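Student: Protein chains in written order, with the working numbering: chain V, 1 to 545; chain G, 1 to 219.
Hints should not be assumed to be uniformly reliable.
What the hints assert, rightly or not - In silico negatives: residues of chain V with every beta carbon more than 10 angstroms from chain G:
id: 1; residue: Thr40
id: 2; residue: Thr180
id: 3; residue: Phe287
id: 4; residue: Ser310
id: 5; residue: Leu315
id: 6; residue: Thr366
id: 7; residue: Ile479
id: 8; residue: Met481
Stated by the list, open to error - Mimicking DSBU-like on lysine-lysine, the simulated pairs with C-alpha atoms at most 35 angstroms apart in a straight line are:
id: 9; chain 1: G; residue 1: Lys21; chain 2: V; residue 2: Lys20
id: 10; chain 1: G; residue 1: Lys123; chain 2: G; residue 2: Lys138
id: 11; chain 1: G; residue 1: Lys116; chain 2: G; residue 2: Lys138
id: 12; chain 1: V; residue 1: Lys341; chain 2: V; residue 2: Lys277
id: 13; chain 1: V; residue 1: Lys20; chain 2: V; residue 2: Lys112
id: 14; chain 1: V; residue 1: Lys112; chain 2: G; residue 2: Lys138
id: 15; chain 1: V; residue 1: Lys423; chain 2: V; residue 2: Lys341
id: 16; chain 1: G; residue 1: Lys123; chain 2: V; residue 2: Lys112
id: 17; chain 1: V; residue 1: Lys112; chain 2: V; residue 2: Lys341
It should be emphasised that the hints constitute simulated quantities derived from the structure, not laboratory data.
Bear in mind that the values here come from a model prediction, so they are computed numbers and not experimental data.
For glycine and all other residues, C-beta sits at the position ideal for the given N, C-alpha and C.
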Amino acid sequence: MASTALLPRRHYLNDGYGVKSWLLTRDHKRIGLLYLAGVTFFFFVGGAFAVLIRLELTTPVGDLVTDETYNKLFTMHGVMMVFFFLIPAIPSVLGNFLVPIMIGAKDLAFPKLNLASWYIYMIGALFTMYAIVTGGLDTGWTFYTPFSTVSSTSNVIPAALGIFITGFSSILTGLNFIVTIHRMRAPGMTWFRLPLFIWSHYATSLIMVLGTPVIAITILLVAAERLFHFGFFDPAVGGDPVLFQHLFWFYSHPAVYIMILPAMGVISELVAAFCRKPVFGYSFVAFASLAIAVLGFLVWGHHMFVAGQSVYAALIFSILSFLVAIPSAVKVFNWTATMYKGSVSWETPMLYAIGFIGLFTIGGLTGLFLASVGLDVHVTDTYFIIAHFHYIMVGGTIMAYLGGLHYWWPKISGRLYNEWLAKFSALVIFLGFNLTFFPQFILGYLGMPRRYHAYPPEFQVLNVLSSAGASILGVGYLIPMAYLMWSLRYGRAAGPNPWGAVGLEWTTTSPPPTENFTETPEVTWDAYDYQSTVDSRQSTFPAES
Amino acid sequence: MSELIQHPALAHHFDSLEQQKEASTLGMWVFLVTEVLFFGGLFATYLIYRNWYPDAFAAASHELDVTLGTINTVVLITSSLTMALAVHAAQLGQRRLLLIFLVATMTLGAVFLGIKSVEYYHKFAEHLIPGPGFQFEKEPVHVRHAQLFFSLYFVMTGLHALHMVIGIGIMLVMWWWSWRGTITAEYYSPIEISGLYWHFVDIVWIFLFPLLYLIGRHA
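Construct all of the structure, not just a fragment, from the sequences and the given hints.
Tutor: Encoded structure:
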């Protein structure tokens, strides 16, 4: 075919075709694609549960499913989305693919460990899927004791083990990134020449390495308590269920930053590339990532304002939670400042980036409402919380993930997707998202509690709006699935640098060769050096001008 | 960079053996940090409950066998010594000594696990396994909180023992590599980073021993 003429003759995708060449690969790019298949599958599994939840909530009476089934639906939606999609999505797919290329390395420091992390992820998912298909799980994704250890009759142990196991894949990925970023940078690639994507992945990796072991041990204690009647959180032997909440949120709050920090890294890349400008205040954005990672470990208590913790603890946690807003706001302001007087172009990835900035701002500001104790007591366990964290996780992380996927898709696949369809679906997702979740802010403020399958009839209008939005959102997620798959076979060849962007990943072929670069690059320029590098390096690829 | 002939142990994605060694050492340190946090969750739980129930913890701690615990502590510290000597022998390329010290380390590790299982068996025979069958007749007033102590005892020492088993597995691989000749004076980092792991597992025990066995013994 004529369209394949521009693809490089030798690249990582045609370096072996058999099943073994994928399942035993040590190439970080192929492992990234293995993860892509995994997280996409679990995204749609989690999405299927969301569909059922929204269907149930279109009417005030609990008519579609029983209350018990509904408990299982929201639990399995949460577990699938949090542990098997949101946490691995950006680091394990885009991070895996890009971290070595962006720093000019041939691979991650430990390729075998990287492959092992994918298998660990899949084995963990298998355990959890087993729990789901053999009767489900109804504890909520938070596994609160004593319900999870004593009362629940659902499959807590296999689900808990699945999450325990998957945690190790996250730890190994983080470990691999930290060592790679420290030891594998190309000559001249100093810390302050690193793309901000790398900085945010470094910060994310710190959280993965420091936080994940704590959830691992906590969930193990829950399993031991359930299985052997050991009492750690059981009041019958003097244990304290609130201690479980402390240990759980010590990881699970930072886990939110595992989801959002890599997303911020993606947005920094997109904003710079489509404004043709260096990111405003590079070092502030870089250090903001580290600040978020550090502060993120000190705010877990804001999930426990109503759990009976002391009012002084609540006060401190409240203040610290407000502090997280500072580095987050630094990022939002700096992206906006980057756009100011930039040569902004509106390709699909940029649409996602703009969407991210707006939605993340709403999610972040409502986070401040929740960080103030008085207001939080009023909206605790209402749809306000649900709306808030979906603005961060869906409006933030998934928008950035899709933006990044579109931006680097030509690099990953070597081919271009249908730009018109892509723009259309970005718009559909943005509209569908807001229609789904904005009404939930109002519902929560009016007092509709989360985790019930029935509700007073006066809430129906807003719930119907939300369910209508969810159906639009669902369609929006299916369209990219279709045209991206289509582009794999029929898309035009992209060439090395379809966006005219800077960054080492755009200096190699699309798709890159297995060893990433034909010779190790020497970096003599800063990140986002849009004024000088584009001109000088475009001459390297005359086909691209 | 590649003026030397490429060393067979050098992986394709590293420029030099030195870079490879630095990477694997850093990797092990990062992993150990993870481990600190992993055990940290348990130590935090322990600290809180011990502060809440000091008397019950002291009473329950008296049920543990200090003699066997002390012997095990000595065994483990000695294994750390043989491990350090193994690393030293590897650095000097003394293959025979390296093999001997690795065997000594594994043997001491196995002795530790043997003594540990004797202790576990005693606890089982004395109905000190937490759960419905738990009995604490000496001081029945503490029967609830003593269960908490023994839950922590079994999970903490159990996870430690699991780390020992993994450690012995790693040492077996190291022994095989040393025997086969993969480990040389130029390429000994596998021994070194396995040693880091071994010492870490030792240090965990150094904390576990006083916290579990020696509560209220100073009086």
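Student: Now look at each hint and say whether the structure bears it out.
Tutor: For each hint, the structure was consulted:
1. Thr40: 27 angstroms, holds
2. Thr180: 8 angstroms, violated
3. Phe287: 21 angstroms, holds
4. Ser310: Label holds. Min Cβ-Cβ 14 angstroms, cutoff 10 angstroms.
5. Leu315: Its Cβ never comes within 10 angstroms of chain G, the nearest being 21 angstroms, so this holds.
6. Thr366: It holds; V:Thr366 is separated from chain G by about 30 angstroms at its closest Cβ, greater than 10 angstroms.
7. Ile479: Given a closest Cβ separation of 37 angstroms, the condition holds.
8. Met481: 33 angstroms, holds
9. G:Lys21 with V:Lys20: 29 angstroms, holds
10. G:Lys123 with G:Lys138: 14 angstroms, holds
11. G:Lys116 with G:Lys138: 23 angstroms, holds
12. V:Lys341 with V:Lys277: Holds - the C-alpha atoms of V:Lys277 and V:Lys341 are around 9 angstroms apart, at most 35 angstroms.
13. V:Lys20 with V:Lys112: Cα-Cα ~15 angstroms, so holds.
14. V:Lys112 with G:Lys138: Roughly 53 angstroms separates the two Cα atoms, so the pair is violated.
15. V:Lys423 with V:Lys341: 23 angstroms, holds
16. G:Lys123 with V:Lys112: 41 angstroms, violated
17. V:Lys112 with V:Lys341: The hint is violated at about 46 angstroms.
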